[in-house]
Amino acid sequence: MPSRSESELTALAQRVKAGQPRAVARAITLVEAGGGAGEDLVDLLHGAFGAARIIGVTGPPGAGKSTLVDGLITELRRQERRVGVLAVDPSSPFSGGALLGDRLRMGRHAEDRAVFIRSMATRGHRGGLTLATTEAAGILDAAGFDTIIIETVGVGQSEVEIMSTADAVMVVLVPGAGDDIQALKAGIMEIGDIYVVNKADLAGAAELAAVLRFALRGEVDPDIADSEYLGTEHAAGYDPRDYPAAQNAPQILLASALDGSGLPQLIEALDQRLAQLDRSGELALRRRQRGAAALERIAQSALRGWLAERGIVAGDPQQLLREFDSDSRGPHRFMRDKLQQLTRSREGGDL
Amino acid sequence: MSEPIDLEQLETARREWDKTVLTPALEKNPGRDEAALRTASNIPLQPLYDPTSDNPATYLERQGFPGCYPFTRGVQPTMYRGRLWTMRQYAGFGTAEQTNARFRYLLDQGQTGLSVAFDLPTQVGLDSDHSLALGEVGKVGVAIDTLRDMEALLAEIPLDEVSTSMTINAPAAVLLAMYIVVAESQDADWSKLRGTIQNDILKEYVARGTYIFPPGPSMRLIQNTFEFCARKLPKWNSISVSGYHIREAGATAVQEVAFTLADAIAYVETALQAGLNVDEFAGGLSFFFSAGSDLLEEVAKFRAARRMWARIMKQRFGAQSPRSMTLRFHSQTSGAALTAQQPDNNVARVTLHALAAVLGGTQSLHTNSRDEALALPSQESVQIALRTQQILAHESGVANTVDPLAGSYVVEALTDEIEAQAHDYLERIASMGGMVQAIEAGYVQREIADAAYTYQRQLEDGKRIVVGVNRFTTADEPHRDLMRHDPGLREAQLARLADVRFERNEQAVLQALRALRNAAEQPGENLMYPIIDCVRRYATLGEICAELRRVFGEHTQPGVV
Amino acid sequence: MTKRLRILIGKPGLDGHDRGAKFIARGLRDAGYEVIYTGIRQTPESIVSTAIQEDVDLIGLSLLSGAHNELFPRIVQLLREQDAADIVVFGGGIIPEEDIEPLKQAGVRAIFTPGTTLNTIIEFIESCRQDQKVS
Ligand SMILES: Nc1nc2c(ncn2[C@@H]2O[C@H](COP(=O)(O)OP(=O)(O)OP(=O)(O)O)[C@@H](O)[C@H]2O)c(=O)[nH]1
Ligand SMILES: [Mg+2]
Chain S
0 MPSRSESELT ALAQRVKAGQ PRAVARAITL VEAGGGAGED LVDLLHGAFG AARIIGVTGP
60 PGAGKSTLVD GLITELRRQE RRVGVLAVDP SSPFSGGALL GDRLRMGRHA EDRAVFIRSM
120 ATRGHRGGLT LATTEAAGIL DAAGFDTIII ETVGVGQSEV EIMSTADAVM VVLVPGAGDD
180 IQALKAGIME IGDIYVVNKA DLAGAAELAA VLRFALRGEV DPDIADSEYL GTEHAAGYDP
240 RDYPAAQNAP QILLASALDG SGLPQLIEAL DQRLAQLDRS GELALRRRQR GAAALERIAQ
300 SALRGWLAER GIVAGDPQQL LREFDSDSRG PHRFMRDKLQ QLTRSREGGD L
Chain D
0 MSEPIDLEQL ETARREWDKT VLTPALEKNP GRDEAALRTA SNIPLQPLYD PTSDNPATYL
60 ERQGFPGCYP FTRGVQPTMY RGRLWTMRQY AGFGTAEQTN ARFRYLLDQG QTGLSVAFDL
120 PTQVGLDSDH SLALGEVGKV GVAIDTLRDM EALLAEIPLD EVSTSMTINA PAAVLLAMYI
180 VVAESQDADW SKLRGTIQND ILKEYVARGT YIFPPGPSMR LIQNTFEFCA RKLPKWNSIS
240 VSGYHIREAG ATAVQEVAFT LADAIAYVET ALQAGLNVDE FAGGLSFFFS AGSDLLEEVA
300 KFRAARRMWA RIMKQRFGAQ SPRSMTLRFH SQTSGAALTA QQPDNNVARV TLHALAAVLG
360 GTQSLHTNSR DEALALPSQE SVQIALRTQQ ILAHESGVAN TVDPLAGSYV VEALTDEIEA
420 QAHDYLERIA SMGGMVQAIE AGYVQREIAD AAYTYQRQLE DGKRIVVGVN RFTTADEPHR
480 DLMRHDPGLR EAQLARLADV RFERNEQAVL QALRALRNAA EQPGENLMYP IIDCVRRYAT
540 LGEICAELRR VFGEHTQPGV V
Chain W
0 MTKRLRILIG KPGLDGHDRG AKFIARGLRD AGYEVIYTGI RQTPESIVST AIQEDVDLIG
60 LSLLSGAHNE LFPRIVQLLR EQDAADIVVF GGGIIPEEDI EPLKQAGVRA IFTPGTTLNT
120 IIEFIESCRQ DQKVS
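Chains as they are written, first to last, in numbering that gives the first Met the number 0: chain S, 0 to 350; chain D, 0 to 560; chain W, 0 to 134.
Heads up, a few of these hints could be off.
Derived CB-CB ranges, DEER-like [what the hints assert, rightly or not]: (1) S:175 <-> D:8: 51 to 57 Å; (2) S:32 <-> W:106: 23 to 29 Å; (3) S:107 <-> D:58: 39 to 45 Å; (4) S:320 <-> D:14: 39 to 45 Å; (5) D:552 <-> S:267: 49 to 55 Å.
Calculated directly from the structure, the hints in this document are not laboratory data.
All C-beta atoms, glycine included, are put in the ideal place defined by N, C-alpha and C.
Whole structure, please, built from the sequences with the hints as guidance.
Shown next as structure tokens:
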């Protein structure tokens, strides 16, 4: 990539703030690439971050996250909101390539200038992705999008990471296929502000919602009280009824992303939740935590870059091994000495 | 009299042959690349099939006799000894007049049925002057905006004598309405009209892409046409359940059979829900398959499909009439198998495809033209394609006895295998709640995309050979006299549309459209009647579909790559 | 470090035959590119706006209906109007020999006819990278 001069970056930042699509897209590419230009750009735009609300959407693969986001965009547009979307899909671990398919379901918003949809690939970086999405969200924020939705890949750790990226998290679940039980196991039940039982047009939605109300709010639906689900809870020696629902216990809503039913209610619940988080000071707290987490990641990423430049990580492992082989100390000792040597020597250089 | 075969003795002999003859031979020469020794659908082929792979005790159950359950050997007792298949070439391009001229030429040349291709705006219910129709008017078929175009398309063709097949799906009800209104003006009796509307929306969602409305309302329109045809057009096939496009989208032979039958099952269920009796409408169901290059597998595919359908209709839906159990099908030679390179080689391919269809017992056949992979076929190419069928019919001899490949050990074994694998798919789909659900979940699309990708990769890796494409290539040769589209065509079509809009009684059109909308809002109404009213008053296809779009909404593609 | 190229694979026009487009999309993913697939029935406007938002380096268009002479140049034109002329456009489908030159004149960088292998397309993409046509 050609290096960018300071004035070029300043101009780009200006155009981002003016909301020019090309500039916004370029800026996201830069932060995604994670180089010096992206870092400088974030610093330039930093002052313009913080106005938008950032909503995370997570849930198991195929739960209907993208379809739901598509519906949410429509609703938000009705309220004249400007909507930015970051849709994350996995990179292939084999080729490093990715097929970014989320926006396929959001096609009808392609020509709406007040909607900006960007697909991002995980590109193998774990925590790094969180930094890239946080910063990409910042770019959209600076460009004037007031509501930013981040759709996660929906597998593994991303659900938890989304907590440190968004103001509020929406967990999408679907009836059937034992997803509900899986979700309980996967720790997805701790992270949501709102739980959406999507595909409510399919059988089993009401039951799943009841189970969630029971598990998350201790509410018992008389029709379902004796269902097998509750049985499993009792067997585990845990009965949520012993723990009265906190005032801020998450909401559980039914929706069908396919036909749009339940979406206005979802938006309303979201607004309420954000207002409540704001009033209680929780929102400010989350944002502070997010800032701290970002700093930590920047440090990690800078260190990682420094190590990479010196071939300690992501370099030629053979080279490092040969060095180690000709050394009789243990691996820890070897590495500690090596690092110490690097930081002391002139070639250690600046971070 | 000869003794019945002693299977045990045979098996011993076969094992002996395997050991003493086959194994040493394989040691000397292990054979060609593994992928090449599979069928086109990746079914591994044994080196040799013999009577041990076929159980004569189950002959009646599995093969039976032609014209009898389970119809493996054919839907009629005498097949082509009685009457040859219908030679039906798909035609349609440019304006209605040009297509009309091509039809009359083909009828003169001995073709026995008409087949209409429509351009894409027509297929997705848009008028020629819609912005999305830019560049598409009259391109892959004829443009039909109003009854006036249909009148020109069918001018001087005796509609009570020919049988007409229309490749139209999402707006099938509208085009059917136009057809019967033209027939009426020719004084042709509705009860005499013969033909088919494709009307198969489910495969549009998975393979062909010309859908308009979501599955629910689409199925209602199909229900309405079923009911209408059962009552008013007794000789009309109200649907042609199409595996062709599924196959062309890259499905295997097994998937083609399985997904087509799964679609058909959904349609039967829809008709039953409408209160029709199985035997009242099932005779109006017809099928449409692709005929590809893997001759043995293709023949087995057709036979397996016939047997499965008979069993499904009898056992699952309790059909009584034999006609309800017979899978009657049109076939078209595979377009995807043709190559742009060395296009004359396609004549040989098409011969192979057509042979497969005839050996598979097709009821009608379209043979592709050699230049199909390049552009619109020229008149000369169309003629060669038709002649290919005539040569098969009159010179090859394969039409002179029924189901000639029956009893071929390999063909019977493949027939069983395809049935077994397709059956597994049907179970899987049933467990998902049926075909509509399987499609909405993207399952079917994913299966097809995976198969297509595997096949294409084999091609690119040279594991499969296509002559002239990845082997035996020659330096680029100039393409010859291809048919070109008439650049003035769009303007001419737009002018005619404008004329109609100007001349018609606007008030009457608006009223009819209003009535259509009201009817669409009532789930119980059969929309064929208000659509016929709209058509009669020269409402455009786009206007009619727009009215329905307002009530039904539009389908968007589930994201499967 | 070489840049990870982003490529949009789109189907303008009304034809629904997406077998080829899907194959290319997957194949390019397996070759290490980030691919955005737009699905069928896309207007030139939506393809261009998607390409810009996604900041792609190339756009690959697949079209089988014969509307390429109208739609491909329109897309190139829109890119120019929206300050995105640097995005390389290539196309494929049933495209007659004699249409290829005029399409290239109109700004479509390459046209691939049926039977083109994935490798040929990859070579083309890499040549664009080399030519610095892709920044
Ligand atoms: N019946 C029904 N199907 C739905 C609904 N919402 C989404 N779907 C279908 O579910 C499938 C998956 O939808 P997506 O929106 O791609 O799901 P996703 O969670 O974004 O999937 P990934 O991004 O791949 O994890 C698609 O076939 C949708 O059509 C719904 O409300 N009802
Ligand atoms: Mg998604």
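Hints, one by one, checked against the model:
no., hint, in the structure
1, S:175 <-> D:8: 51 to 57 Å, "54 Å, holds"
2, S:32 <-> W:106: 23 to 29 Å, "28 Å, holds"
3, S:107 <-> D:58: 39 to 45 Å, "57 Å, violated"
4, S:320 <-> D:14: 39 to 45 Å, "55 Å, violated"
5, D:552 <-> S:267: 49 to 55 Å, "23 Å, violated"
Hints 3, 4, 5 from the earlier list are contradicted by this structure; the remaining hints agree with it.
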